[in-house]
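*Asks:* If you read the protein sequences in the order shown, they are chains A and B. Quick note: the first sequence uses the numbering used here, first residue 1, plus one each step. Quick note: the second sequence uses the numbering used here, first residue 1001, plus one each step.
Mixed in with the good hints there might be a few duds.
Simulated crosslink set (SDA-like; lysine to any residue; CA at most 20 Å straight-line) [stated by the list, open to error]: (1) A:137 / A:452; (2) A:288 / B:1180; (3) B:1105 / A:753; (4) B:1105 / A:288; (5) A:504 / A:425; (6) A:288 / B:1178; (7) A:626 / A:695.
For the chain B half of the interface with chain A, some residues (derived, Cβ under 10 Å), not all of them [claimed, not checked]: (8) 1060; (9) 1086; (10) 1186; (11) 1309; (12) 1313.
Because the hints were derived from the structure by calculation, they are not lab data. Here a beta-carbon is modelled for each residue, glycine too, at the ideal position from N, C-alpha and C.
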Amino acid sequence: MKRLNYYLLLFIGLFFSTWLGGQQQFTLSGYVKDSGNGETLIAANIYTKDNPAQGTTSNIYGFYSLTLPEGNYTIVFSYLGFTDKEIEVELKADARLTVELIEGVSIEEVIVTAEAKDNNVSGTEMGTINLPVDNIKTLPALLGEVDVLKTLQLLPGVLSSSEGNAGFYVRGGGPDQNLVLLDEAVVYNSGHMLGFFSVFNADAIKNTTLIKGGMPAYYGGRLSSVVDIQMKEGNNKHYAVTGGIGLIASRLTVEGPIQKNVSSFIVSGRRTYAFDLAQPALEDTNFKGTNYFFYDLNLKVNYRFSDRDRLYLSGYFGRDVLNYNSQLRGFNFRMPYGNSTGTLRWNHLFSDKLFMNVSAIYNDYEFSFAGSQSDFSVAVRSGVRDYNAKLDFDFFPSVKHALKFGINYTYHQLTPNLANATSGDVEFENALQVKYAHEAAIYIQDDYKISQRLSMNIGLRGNLFSQVGPYTSELTGKVYDNLEPVKTYLGLEPRWSAKYSLDKSASLKAGITMNNQYLHLVSNTTSTLPTDIWVPSTEVVRPQRGIQYALGYFRNFKDDLYETSVEVYYKDLRNQIDYGESYVMDVAVDVENDFVFGNGRSFGAEFFIKKSKGKLNGWIGYTLAKTDRRFEDINEGRRFNATYDRTHDLSVVLNYKINPKWHLGAVFVYGTGNAFTPIKSLYLIENNLNVEYGDRNSARIAPYHRMDLSATLTPKPHTDKNFSSSWVFSVYNLYNRRNPFFIYYFTETNEETLNATASANQVSLFPIIPSVTWNFTWEGKKADHPNEVF
Amino acid sequence: MKYFSIKSILILLGPCFLLLACEEEFIPEVNSDPQDIVVEGYIEAGDFNLPPYVILTRSQPFFTAINFGTLDDFFVHDAFITVFDGDNTVVLEELCWNDLDEEQKELINVLINQSGIGGLDSIPGNVCVYVDFDLEMTGEIGKSYDLRIEVEDKVLRASTTLQNRVPLDSFEFIIPEGNLPDTLRELRVVLRDVPGELNYYRYFTSINGDRFIPGFNSVIDDALFDGQEFEFPLPKGEPRNTSAGPTTFGLYTLGDTVVVRWTNIDQDNFNFWNTLEFNAINQGPFSSYTRVESNVEGGIGIWGGYAAYYYPLLVE
């Protein structure tokens, strides 16, 4: 409580200090947009030319607010990949200024990740990276499918969960410890096809922000990271159709103004078709009707109904569907699963200094399976459904402060593996209970520029999580009514990060972040599967807690041409969850009864060097890290390497623009081999060989390394026509490295003679894979009568 | 009967990738930890009340090929083994195959054949079994049996209880669904589970007098069907490394004589077989290891009590 009082006093102090300045101050505010399509630009930099420290950045809606003493200024608007715009402003009253920036720069410049100018050095945030999607499209991609989550894995501190997989681990945290948001809606399962592709269709996405350390108080509910993805709003100047044909999937996006500069829409779809094409070949086999496909649909409309009000409605719907049909034994099943999200947002400007956003969000992840064979049938379903309301304010009282505060409430409904089966006339049901919970949070944070050299981001987040009825306690037998609290947890999370500038191009940063996590997904595999289920904190499962300490040195060279950084971190993780060592999947048992609990820690150093401009650009990231866990019930209580432990992890990403027509991309990755549990011995029971395992994760498979190349050909780069297209040729695993994917043992015993053989085999997944993708864009620049469309 | 493993079905999703996959041999590091003593011992009641017997072996570091029958030091000799049934204690006597006369061999074979262990005739070398040869103690339903093994300065302990039996009834061979040869039959049986008590089942089948082979998923508990009566298919037991393809797997052949051995076991036994079978079929990228849950303190393996019914059937 004392700590809370301290923070309250601090904030009140900050508020009042704002008004005691004496000199008259005025506010310049507005939006920063892309002149080409009217899309707002996120995290654009706005600062005074004379003193770049007097500056701000646009928020996720492209809004900025800069309060300065009365006077004449040259205001610079900059966003990497766009030409800077300088505007003379005579500030003697509050003023609105919406600025459109032009894509491209006079010198040929290609940008890989956008962190404008020296933001890297001057901002207070640590471990935060902004990744506009346009900049990843020229990098090589597995089977040509551009994937934001896989690009994130090329950054230091972010590991891929396994070969070719979009699942990721951040700084030693599990896959459920990443908060993945799409237009503010939580995406509970971000993978298609067992995670080989993410659910994010790059054509529908504008921007991705990764926060792996120093999570601001605005975010919560997960221990390790935030991946905040914003969908495009839709071109509000003219119609455009973009699309592509690839080996795995094809894409089509249509966007345009509904009412020019007032409202616009975007509809974007993607679907796979490899198995559809194979259907004729299956026609005469016993597997007729077997098919697999996935699809995504992204929709968004926005409407500006006044200068101060804007409404956004966005949605995502995606499914993986597997149909299996074997006439051989009359066995068939259907297994669809996927996410649906919907977000309705209202932006309102109370004043030039106070920006509000209200969101109503619905999201749903559902897995289902229905199979049958003769008169036996089984159906299983599981999922998560959230109803979420949020109220967020951005308040810019002075150039020294940027405050953000708000409240957030979610009603969770978590469905375990509900199974029912019929055998003839008899029905079976597992008696698992759907669990319900309230989750609420209140937060405040201030980005406070104390002096030219010192700035701080201070925040506090308070959480409440309460499992509620209907529920019957397995521990006490007590029956809870609708919405009656079963178990309530409270959490207080101070967040702090600070920057101290050593000189114009170098700074030191430090941060402490505390987090609580109330929803958990526990997987006993290296990657998550659609069958893995999310469970709430309950009487049995306590919230996961984490605290992260980070320290960084940031330095830019050659007028910000090269950005470098070294960050070290230490994470203390409590109430970590795993399955017991003798876990057997059983649909009749509530998974929380199979859980065991323990603690973890993770520490490491991340080195990053990035060149954002010039014909040749890219980055090199290297991480040296250690992650382990200690569980009373695993490994007889001895510390063991976490599945997420990778000692060395190196990524090299290069882009080279040969000329306007040809563009090359290359990626090289190297990582210490995954930890696995080795065989200790073999033994005989019922004349069959059985495996006895050694210490958990005490052996390693061979190191992982791979190189990918891509070449993008734009035949007519400067065409004036409405239509343009490009070809992306890429080669995955260029030198055909056989990276171990998993190891399995094969044992055989002749039961008559007791002759036994055993072998271990290593399976490698992807050999060298070339692919080609054709992308096109049609822009109806002359379309001037958009009202007719809707 | 057992639910389809969704996880193994998921692996079907991967074929398009696995077509690309390639395999090579992996040489594991050989673990130098001391070997464990492996207990495999049973006692049975029901249609036959059988005496306790135990086979004691050693776990082996990873190898590529071996014959257990002739392997030096595979069988653990000179153990002092007792079984206590709450009233009496018997000492199990170590008998090695080569020292037995024909009558003794026959008795041992009958015993061993009941479990999933095959006949000992064909095994080269000198197989040894600890057994209450004088039949001083045989299994009785409802009783618990404490096993105690003193060997090489170690003491191993385990306990098992012979459960109440729950019978099967109504056996029927039907023509299975699908495009299959017309000589194959599926066995349908009816179980009337006992309400309000935890029941754990394990079954085996023997074809034409051969040894009993456990079903591929040989154990199940009644968590999903407590107290219910229902019909379900009972697949033929297949050896772990069966060559039976999807066409014939688990199906019976017309004209064969089948004996179904239907048993009730205790929870520890269920956990052992459940983890052992789960571990044997779940390997690969979507699976972690499962440590087999042994009921033997101080060693690994199983001390198991079976309460069994035997149902001879003709496939017709």
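*Asks:* So, for every hint listed, does it hold in this structure?
*Replies:* Hint check results:
With a C-alpha separation of about 38 Å, the suggested pair residue 137 of chain A and residue 452 of chain A falls outside the 20 Å cut-off, and the hint is violated. With a C-alpha separation of about 16 Å, the suggested pairing of residue 288 of chain A with residue 1180 of chain B holds against the 20 Å cut-off. A hinted pair counts as satisfied when its Cα atoms are at most 20 Å apart, and residue 1105 of chain B with residue 753 of chain A qualifies at roughly 17 Å. For the proposed pair residue 1105 of chain B and residue 288 of chain A, the alpha carbon gap of about 54 Å is over 20 Å, so the pair is violated.
Straight-line distance between C-alpha atoms of residue 504 of chain A and residue 425 of chain A comes to about 78 Å, which puts the hinted pair past the 20 Å bound. For the proposed pair residue 288 of chain A and residue 1178 of chain B, the alpha carbon gap of about 13 Å is at most 20 Å, so the pair holds. Between residue 626 of chain A and residue 695 of chain A, the direct Cα distance comes to roughly 18 Å. Compliance with the 20 Å bound is thereby established for this hinted pair. Nearest Cβ of chain A to the Cβ of residue 1060 of chain B: about 5 Å, under the 10 Å cut. The hint holds.
The interface hint given for residue 1086 of chain B is violated, since its Cβ lies 27 Å from the closest Cβ of chain A, which is over the 10 Å cut-off. Among the interface hints, the one on residue 1186 of chain B holds; its C-beta lies about 8 Å from the nearest C-beta in chain A, closer than the 10 Å criterion. The interface hint given for residue 1309 of chain B is broken, as the beta carbon of that residue sits about 20 Å from the closest beta carbon of chain A, more than 10 Å. Checking residue 1313 of chain B against chain A: minimum C-beta separation of about 20 Å lies over 10 Å; hint violated.
In the structure shown, a violation is registered for the earlier hints numbered 1, 4, 5, 9, 11, 12, in ascending order.
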